[in-house]
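Participant: The chain contents come next:
There are 2 protein chains.
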Amino acid sequence: MDRIARTTKDLGNVLREARKIQNLTQADLAARAGIWQRTVSNIETSASGAKVDTIFDLLAALDLELHIVPRSKMTPGDLEDIF
Amino acid sequence: MDRIARTTKDLGNVLREARKIQNLTQADLAARAGIWQRTVSNIETSASGAKVDTIFDLLAALDLELHIVPRSKMTPGDLEDIF
DNA sequence: GCCAACTATGATCTTCGGATCATTTTAGCA
DNA sequence: TGCTAAAATGATCCGAAGATCATAGTTGGC
Chain G
493 MDRIARTTKD LGNVLREARK IQNLTQADLA ARAGIWQRTV SNIETSASGA
543 KVDTIFDLLA ALDLELHIVP RSKMTPGDLE DIF
Chain P
493 MDRIARTTKD LGNVLREARK IQNLTQADLA ARAGIWQRTV SNIETSASGA
543 KVDTIFDLLA ALDLELHIVP RSKMTPGDLE DIF
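First to last, the sequence lines map onto chains G and P.
Take 493 as the starting number for the first sequence in our numbering and just add one per residue.
Take 493 as the starting number for the second sequence in our numbering and just add one per residue.
Because the hints were derived from the structure by calculation, they are not lab data.
Since this is a predicted model, take the numbers as computed values, not measurements.
Possibly wrong hints are sitting among the right ones.
Identical chains share a label here; the pair holds if one copy fits it or two copies do between them.
[Said to hold, decoys possible] Here are the simulated lysine-lysine pairs, BS3-like style, with alpha carbons at most 30 Å apart:
id: 1; residue 1: LYS501; residue 2: LYS543
id: 2; residue 1: LYS501; residue 2: LYS512
id: 3; residue 1: LYS512; residue 2: LYS543
Work out the full structure, taking the sequences as your base and the hints as a guide.
Facilitator: Laid out in structure tokens, this is it:
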């Protein structure tokens, strides 16, 4: 599972993966982020185009941040060595 | 200017910076992304919490992508060596 | 200082996400 | 196989974003 997102679907997948790695349920994460389990589900399944603020709430709750980088500046695997 | 975003304000700043580096006006970028100059302005100035889809439209138009990484895993400057 | 280009912003309408209640479906495990 | 915890989803309301028209304000070049 990569940590790169170019679409909302990518983003949902990455967020779900990160949540599972931290052993959180959708309800846990929702509580932490101050939103609803319903919304977490919607975002993870790309059921709707979320708002950016909601995404940042989730990222903060997962202790993640966004790096905005040029596309294909490195192959996805290259980052593995760093993190 | 960093390329890290934890808030919509960060994101707006990064997007504006990226647009200027590519010598695009808000209208140019809007046309490329299939949205409105009004919306680009709103996002760059964090005048409103954008939708994620709109952000991805902008990122694609700027040939950028998102990397979701753990916070503080590296100091901001560290990425300079890579890109 | 002027003009042209660029950016910010006013107003209205429609669409859609999140909040909020809930129930159904799915999946893991004894 | 059943139970239980987790995830998905139905419905409604409200608020807010983007589309779309417009103009006002700002900035840089000459």
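Participant: Take the hints in turn and mark each one as holding or not.
Facilitator: Here's how the hints hold up against the structure:
{"no.": "1", "hint": "LYS501 with LYS543", "result": "both (14 Å within a copy, 14 Å between copies)"}
{"no.": "2", "hint": "LYS501 with LYS512", "result": "both (17 Å within a copy, 28 Å between copies)"}
{"no.": "3", "hint": "LYS512 with LYS543", "result": "both (22 Å within a copy, 25 Å between copies)"}
In terms of the numbered hints stated before, the structure departs from none.
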